[in-house]
Every structure is written in structure tokens, then in C-alpha cells.
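If you're matching them up, the sequences are chains A and B in order. Following the working numbering, the numbering of the first sequence begins with 1 at its first residue and continues without gaps. Following the working numbering, the numbering of the second sequence begins with 1 at its first residue and continues without gaps.
Honestly, the hints are just simulated from the structure, not real lab data. Treat the hints with care, as some may be off.
Claimed, not checked - Just a sample of chain B residues kept apart from chain A, beta carbon distances all over 10 Å, derived: (1) E5; (2) P7; (3) P8; (4) S12; (5) G17; (6) A46; (7) D47; (8) W51; (9) T65; (10) E72; (11) T103; (12) I126; (13) V187; (14) D188; (15) F202.
As the list claims (entries may be wrong) - What follows is a list of derived Cβ distance ranges for each label pair: (16) B:H174 to A:T187: 37 to 47 Å; (17) A:P36 to B:H174: 31 to 41 Å; (18) B:T139 to A:G208: 38 to 48 Å; (19) B:S176 to A:K114: 20 to 30 Å; (20) B:E18 to A:A300: 27 to 37 Å; (21) B:F6 to A:E277: 27 to 37 Å; (22) A:A229 to B:D98: 39 to 49 Å.
Yeah, the Cβ is synthetic: ideal placement off N, Cα and C, and Gly gets one too.
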Amino acid sequence: MSAGTAKLNVTVAEVKPVNDLVTRFKFVRTGGGDLPTFSGGAHTVVEMQDGGITRLNAYSLMSNPADRGAYTISVRRDDEGRGGSKFMHSQVKEGMEMVISNPVNLFSLDLRAKKHLMLAGGIGITPFMAQMHQLSMMGGQFELHYSVRNASLGSYAEELDAKYPGKVTIYHDDQGEAIDLGTLLATQPLGTHVYVCGPKGMIDWVHGTAESMGWPREAVHSEEFLAPASGKPFEVKCAVSNKVVQVGEHQSLLEALEAAGIDAPYLCRGGACGQCETNVIGYDGKFLHFDHWLTDEQKAGGKHIMPCVSRFEGKTLVLDR
Amino acid sequence: MSKTEFPPSIISRPVYGELEARSGSGHLMIADATGAEAILDLAKSADKDFWAKAHIIYIPKNTGTKYSSQLEDLGAGQFYAGPSYEAAQSRIRRALQDCHMGTQVYLTGTESLMGQAMAEATTAGIPHTAIQTEHRGSTARRMQCVHCKGITEDVTTDPFECSHCGLSLFVRDHYSRRIAAFQGVRVDAEDPGNIPDKVELFK
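Construct all of the structure, not just a fragment, from the sequences and the given hints.
This is how it looks when you write it as C-alpha cells:
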């Protein structure tokens, strides 16, 4: 069994800079043929061979889900990050062969909704682009509120406004424009679901405001991929494979397990999906939980860890892997 | 009458909780008979400004005028008392059509009332898990005959006769949220004519 989902061999068909920070990549199947279908909100995990390191980053698919000829993603360059987005911007060229995962959707539309209210911040626009394609084909009702730093960094803002007239509102931070969330949430008809994708502060703001205004939890959806945090190196004993693994400063526990040849499960690699949940057999030290998956109780219990984003500080950690 | 404890059953059988005042942009409260007591209990802990945004729809059934004036005295923004669920239905639909996300729905009283109002609220777009319920009063059931599809209200015995096709039906805990009714299945299907004595299971 191999961890993650089945892999797809693809060729980079187009690399297109969108603005100073964002570049768009188009993948087609190597050797031709259709790619698997997906639904709006799905992501793919892109494998990058960066020197001796395999980097695996999840990116939302932004193309039309009905178009099986190609997948499109947009990558925002993060100069402070661990290098995945920099690799995409500097190393990936048209014609290059790459491996990506089958699409996985952890941010799907709830099709029982009578209306979809989408709130995007920055590069968080990408899953909504696929969802808007999907909803337009189905005749679904939607409204997009898109917050950008300024006009030149507002990826796809003008294009979306032109494509979906009357359904798109753009807010420019540099002009003091901001989403009036209180009014927006207070005036939605019954049956509306709200979706938010953007920075953590924006997601917390939407969840908190919606809850205080009496919105059902089931009608509020969000997606935030965490990048694994760096931290002090630590050692982990793997009881099943009988290996001792060193986790480096800028390496995640999951990456360290993979580098040691341990077939650890994963899907999102960003603390959201729960697939990599691992049982802790014993420990002497402190967990640094960064995921959105475990409950606060589980985090305090010391029996589980999400190796994709969480870390450990202390003497010993023994995992059931 | 206080709230009822139902014995544990199959997962299909609805379970009910206890109403609590929650924050929201409006409060739609639908009750019948002694369900009024659950609203009066909630009133002990609700803020004053809760009632200005509240809409109470009440069907007294066999309780006469015992609770109506007490409920009216709570000072809800809108109060309606009517003779039957059917009479109140168009008002319930209109109320749901006019309200926005953030409105809280509170249902209390018989299972028939809660089930039917729940179906209206979920059709209007509220997830069923976000709707509060509290059972009070009669445990008589709203039953659907699985053979002729007719609905028989206020069933108190098992088996019972379908009020539409006359078959003797076994009362199941199998419940349909869509039609807000338990399922009744012919009790003598295997052995026609062999109909067990009626037992009064519900009051």
C-alpha cells in the first residue's frame, strides 16, 4: 500500500505569471488522455524533486471541474516559507514532467444549500474559482466577496468580475475597503451556506462572527492549509517499523518518517483532513499541536499526534508506526 | 407534564433535548399543548430583549385556554394561537420565508407537531441538527401506513387500524423525517387474519 492517493504523471503545459507574487501552472496528462474528474474545492498534492528533498505541497485546483483535459493551480510565492512555492516559481518550466496526486476534496460545496456565500482572502480565491465554474453550470446561486491587498495583487479579480457580473465584490485593503461581515451575515436568506478561504485571522473571524450571530455550525465551511512549522530538532522511535528517526529543524515529522522509508498515511499535509493521525505509545516531553483535526481534549491527552504539522519537544517520543 | 424519557431504540427514532435560549437574529417558537410549559421554563432564563425578536406559534389542542394567556404575557414580537397544525402551517411557512440565517427555531410539544414543523424548517434550509426540540405531553404517534401511504394521527395502540385502508398495522420505531411519521407495517402479512390484541403503548 502506498500512502496518499494514487499518483498522476503530468506534464507542465503552461507557466504564467499572474502578478508579482502569483504564478499559474497548467498540467496535462503525460502521454495524453483525460484526467480524473474533481469537484469544486478539491486540491492536488504536487511532488517537487528539489535537490535531495522531495517536497509535497497541496494546491487547490482552480480550473473548470468539467474540463478533464487539464488541471490548473495558482501558487503564491512565500519567501519566508520552506521552499515549496519558491521551487514552483523558479524551477518549474513548461514541458517538465511532474507527479501530482489524484484530487481530494476537503472543502466541497454543500449542495443542499439554497445559496453559497463565498468569502476569499488573497490566494484563498483559487478553490472558489472551480466552485463558481461548477455552480454556474448547475445554475446554483452564489455570491463572492473577495478581499485583496491592492488592485495589482488581486489575482483574477477583474476577470471574475467580468465573468460573473453582479455576483462579485472586490475589497482593496490599500483603499480601506473591508467586508462588512456583520451586515452580510445578517441579511442572508435561510438555507445560505458560507465558505471562507484565506488567512487564519479571516477564517477565525468568520467562524466567530457567524457563531455569535446564531448561524448553524453546519452552514459555515472553511479551508486553511497550514505549512508545517519549523522548530527544534527531535528524535522519534517508531515501534512498528523499529526505527529511530531524527526530525530536522525545517522538516515535518511526516517528512522525516517518509525520508526514513516509513509508509505513513497522508492526504492534505496541512493539518486539516485527519488522514495522518498517529497513535502515541509513550512520551516524555511536550507536544506542539498545530493541526485543526484533533479536539482540544485529544491534544491534551497525549495519545495522538498529526505528523504533517505538529512537533514534539522533550526526551522521548514513541509512535505506533 | 414534564419532558418524556423515551427508551433507547434504533437510530431512526428521533431523540429530543431541552430548549435553551440561544443567541440569534430571531426566535421562531412552535409549540402545541403542554409544549407551552417548555417555553415558559425557557422564559425563566431568557433575557428581556429575547422576546422582542420572538415569534410564538401555539396550538393549544386539548389544553384549552390554560397556557395561551401565559404565553401571550411573555411579550413576544408576534404571538399566534390557532386551532390545528394545518391551520398554522401557512403561517409557519411564511415565517420561515421571511427570516434570515441566524434565526433560531425551537419546537416543543408532541412528536407530530415537532416532526412536521421540523420538515418545514429543514425544507426552508436550516440543518436539522441546528433545530432545538423538547418533547412534552402526549406520546401518541403520527403514523404512515407503508401500504396505502395514508397518515393516521394520534395513534395510541399497537397494532392499530390504518384510518385510510383499514389494515391492522404494527407500530415501528422506523421514522421518516421527510414525512414526519413513524412507519406502520401490516401486522398479519405472514399469517392473514392472525391479528394480536391491541396494547395501549402510547398516551
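Each hint, compared with the structure:
Look at E5 of chain B: its CB is around 27 Å from the nearest CB on chain A, clear of 10 Å, so calling it non-interface holds up. With a minimum CB-CB distance of about 28 Å to chain A, P7 of chain B clears the 10 Å threshold, and the non-interface call stands. At roughly 25 Å from the closest C-beta of chain A, the C-beta of P8 of chain B stays outside 10 Å, upholding its exclusion from the interface. At roughly 20 Å from the closest C-beta of chain A, the C-beta of S12 of chain B stays outside 10 Å, upholding its exclusion from the interface.
Annotated as non-interface, G17 of chain B keeps its C-beta farther than 10 Å from every C-beta of chain A; the closest such distance is 15 Å. Here A46 of chain B stays apart from chain A, with its beta-carbon at least about 14 Å from theirs, past the 10 Å limit. Every beta carbon of chain A lies more than 10 Å from that of D47 of chain B, the smallest distance being close to 14 Å; the non-interface claim holds. With a least beta-carbon separation of about 16 Å from chain A, W51 of chain B lies farther than 10 Å from that chain, consistent with its non-interface assignment.
With a least beta-carbon separation of about 33 Å from chain A, T65 of chain B lies farther than 10 Å from that chain, consistent with its non-interface assignment. The beta carbon of E72 of chain B is kept farther than 10 Å from every beta carbon of chain A, the shortest such distance being approximately 25 Å. Against chain A, the non-interface label of T103 of chain B is violated: not every CB pair exceeds 10 Å, the least being about 7 Å. Here I126 of chain B does not stay apart from chain A, with its beta-carbon only about 6 Å from theirs, under the 10 Å limit.
For V187 of chain B, the requirement that its beta carbon stay farther than 10 Å from each beta carbon of chain A is met, with the minimum near 36 Å. Here D188 of chain B stays apart from chain A, with its beta-carbon at least about 40 Å from theirs, past the 10 Å limit. Listed as a non-interface residue, F202 of chain B keeps its Cβ farther than 10 Å from every Cβ of chain A; the least gap is roughly 31 Å. Checked against the hint of 37 to 47 Å, the C-beta distance between H174 of chain B and T187 of chain A comes to roughly 40 Å, which is consistent with it.
Distance hint check: the CB atoms of P36 of chain A and H174 of chain B are about 38 Å apart, consistent with the given range 31 to 41 Å. For the pair T139 of chain B and G208 of chain A, the supplied restraint of 38 to 48 Å holds, since their beta-carbon distance comes to about 40 Å. In this structure, S176 of chain B and K114 of chain A meet the distance hint of 20 to 30 Å, their C-beta atoms being roughly 22 Å apart. Checked against the hint of 27 to 37 Å, the C-beta distance between E18 of chain B and A300 of chain A comes to roughly 29 Å, which is consistent with it.
Evaluation of the 27 to 37 Å hint for F6 of chain B and E277 of chain A yields a pass: the beta carbon distance comes to about 35 Å. Take A229 of chain A and D98 of chain B: their Cβ atoms lie about 48 Å apart, and the range 39 to 49 Å holds.
The structure does not agree with the numbered hints 11 and 12 stated previously, though it agrees with the rest.
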